[in-house]
Amino acid sequence: MTTTADAVQIVARARAARQTRYVVVAATLALVVFATFCVSLSLGDFKIPVIDVVKTLFGGGDKATEFIVNRLRLPRALTGLMVGAALGMSGAIFQSIARNPLASPDIIGVTYGASAFAVFAIVTLGLTGVAVSLLAIAGAVLTAFVMYVLAWRHGVSSYRLILIGIGIGAIATSVTSYLLTKARVEIAQQALIWLTGSLNGRDWSNVRSMGLTLAVLTPLTVYLVHRLRILQLGDETAYGLGLRVESSRLGLIVIAVLLAAVATAAAGPIGFVAFVAPPIARRLTRSPGPAMIASALLGALVVAVSDLIAQHAFGETQLPVGVVTGVVGAPYLMFLLARANRVGSGG
Amino acid sequence: MENSVDHSLAADGLAVGYDQREIIHDLSVRIPTGKITVIVGANACGKSTLLKTLARLLKPTRGTVLLDGKSIQSIPTREVATKLGLLPQSPTAPEGITVADLVGRGRYPRTRWIRQWTKTDDLAVADAMTSTDVLSIADRPIDELSGGQRQRVWIAMALAQETDILLLDEPTTFLDLTHQFEVLDLLVDLNKQEERTIVLVLHDLNQACRFGDHLIAMKDGAIVAEGNPREVITETVVQDVFGLAVKVIPDPVAGTPMVVPIGRHTTRTDTFASGGPDTPAVGAGSDNPAAQALAATAAANGVRRPPTR
Chain A
1 MTTTADAVQI
11 VARARAARQT
21 RYVVVAATLA
31 LVVFATFCVS
41 LSLGDFKIPV
51 IDVVKTLFGG
61 GDKATEFIVN
71 RLRLPRALTG
81 LMVGAALGMS
91 GAIFQSIARN
101 PLASPDIIGV
111 TYGASAFAVF
121 AIVTLGLTGV
131 AVSLLAIAGA
141 VLTAFVMYVL
151 AWRHGVSSYR
161 LILIGIGIGA
171 IATSVTSYLL
181 TKARVEIAQQ
191 ALIWLTGSLN
201 GRDWSNVRSM
211 GLTLAVLTPL
221 TVYLVHRLRI
231 LQLGDETAYG
241 LGLRVESSRL
251 GLIVIAVLLA
261 AVATAAAGPI
271 GFVAFVAPPI
281 ARRLTRSPGP
291 AMIASALLGA
301 LVVAVSDLIA
311 QHAFGETQLP
321 VGVVTGVVGA
331 PYLMFLLARA
341 NRVGSGG
Chain B
1 MENSVDHSLA
11 ADGLAVGYDQ
21 REIIHDLSVR
31 IPTGKITVIV
41 GANACGKSTL
51 LKTLARLLKP
61 TRGTVLLDGK
71 SIQSIPTREV
81 ATKLGLLPQS
91 PTAPEGITVA
101 DLVGRGRYPR
111 TRWIRQWTKT
121 DDLAVADAMT
131 STDVLSIADR
141 PIDELSGGQR
151 QRVWIAMALA
161 QETDILLLDE
171 PTTFLDLTHQ
181 FEVLDLLVDL
191 NKQEERTIVL
201 VLHDLNQACR
211 FGDHLIAMKD
221 GAIVAEGNPR
231 EVITETVVQD
241 VFGLAVKVIP
251 DPVAGTPMVV
261 PIGRHTTRTD
271 TFASGGPDTP
281 AVGAGSDNPA
291 AQALAATAAA
301 NGVRRPPTR
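Protein chains in written order, with full-length UniProt numbering: chain A, 1 to 347; chain B, 1 to 309.
Isolated chain A (complex conformation) (with noise of 0.2 angstroms):
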């Protein structure tokens, strides 16, 4: 007969297994994307050795050295992470919401709404910069109001919010289609560009602005996560529990619809962050959880990676990270569909 001091001691030691997982992995990952990251900065037309890279970064480099990786190289990698770990938290959020893998932003219609009045903006309004981010952030906003409105029936069912969004990101793709078409070629060639996703000409304004939505949306965030993990029990568990749920799955969809929309509107949509990191992340930490840190850091991994693939893998070419990001996306979103169907389940 085991006591209950011995009782306690097994659960709290069966808790903490998961959580030192979770630490261990959340650090290495941490590290490769510092790795990742010093690399991004140290390569390039003119080629920096990485030590002087992070000697630059904590303030002990020459002033070209300094100039190259804080002036012209910083910004993108930056940006780049930022938007990583913005996407990687907004799909980790929607997938735990749905408690379906395939709920994240970029297959639901919340970035092709963003897409689609930023071309608007692009074509039609001749818009450039600050004022086609903000129309992005609009667009993801206002779909996704669209969406929960439509979904909503005595509250919002998951897999009704699924199927809602596709037929909403589908009607989205098609105006994006529409208004490519009237446009005159140079026009549609550079809407084309912030449609595939690309981190080119990111400069401090866009880490400040990127910085800041981050430094208001982390904590609250953070602040939620404990009512997600409740929330993925079901709807009726978590009332059971005295979860507020209508008001914090709500709450938890304006927030991750705004790490989409900001993202989004700082480098275009790139494709499939959102929807692959978070699994990626709940895998290596075995968490049944959100897993929200490591998805974050999975998501700027992912970026920063393809990034560098896109920028320096293919000899003088250089693509939008975009185009490397679907290239890994797609073939795990195939996966994912051919896995489902044969399960027999949504996910």
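For the record, the hints were derived by calculation from the structure and aren't laboratory data.
Model, not experiment: these values are computed from the prediction.
All residues carry an ideal CB built from backbone N, CA and C; glycine is no exception.
A hint or two may mislead.
[To be verified] A short, non-exhaustive set of chain B residues, derived as facing chain A with CB atoms under 8 angstroms: (1) Asp-139; (2) Lys-219; (3) Ala-222.
[Said to hold, decoys possible] The calculated lysine to any residue pairs, modelled on SDA-like cross-linking and capped at a C-alpha distance of 25 angstroms, are: (4) Lys-59(B) <-> Ala-5(A); (5) Lys-192(B) <-> Ala-5(A); (6) Lys-192(B) <-> Ala-42(B); (7) Lys-70(B) <-> Asp-12(B).
Please build the complex by placing chain B on the supplied structure of chain A, with the hints as guidance.
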């Protein structure tokens, strides 16, 4: 919870429905404190709806559910969750979650994000897991467990809430017979140990009679009969509630009422009545008490097996 006598759950003039369809029309009920109450009735009679309304998952269009004499809708939901626990019919667990983690989530209503996990929580989880006998599988993922084990883990999660009242919606539905009894026996233990008030929906009338102290029989969204099993489960009530002709005889094991359906094709004689080596032949010569009891009531009621079918 030690002060388990002063809690109460009741409903007053309830009307509940989905969309335009009203399921429960005007229902008042008082759940006896410290007892096991079983709600029975045919499909779509509103028994799950009543349970969900008592658990504040559904909002009544009229009337109120009273928890400790106060309207349950007026009490903050998190506070309700410290008094009343719920196990839904088909709860979903995130992929790969371990037993200890899942049971730990039952502590949600008693934690704040600012007040992190403490020794008290570990203790409550350990207690819940001990009384449901799932401690030995603490670090196993839920997905790998058998149906019976999984159900005990979910019950442990509800127990970790440390509530005086526990509501369960058909907790035996997807289980085989052995595991059904395992779960029901566990509920009796939990009721006995700390005088928990337990309310559950069951399909099996014999199990309801065996394990319920108090039965509520429902039909068309209203209560037809309530009281102890002997008063409620009579041939007339069952005929009325289920539209099925039955014989009610004493359960040979527990002595509680046992329902034997008659049905249209009940009277089969083939190999069964001719009395194979391991078939309990129905009749006075049998030493099976159930068979004797059945034969006695059958004889008393003039039910006879025809020679052929």
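So, going through the hints one by one against the coordinates:
1. Asp-139: 4 angstroms, holds
2. Lys-219: Where the cut-off is 8 angstroms and the nearest Cβ of chain A is about 25 angstroms from Lys-219(B), the hint is violated.
3. Ala-222: With Cβ-Cβ at 24 angstroms, over 8 angstroms, it is violated.
4. Lys-59(B) <-> Ala-5(A): This hinted pair is violated, its Cα atoms lying about 42 angstroms apart.
5. Lys-192(B) <-> Ala-5(A): The given pair, whose Cα atoms are some 24 angstroms apart, holds under the 25 angstroms limit.
6. Lys-192(B) <-> Ala-42(B): 29 angstroms, violated
7. Lys-70(B) <-> Asp-12(B): 11 angstroms, holds
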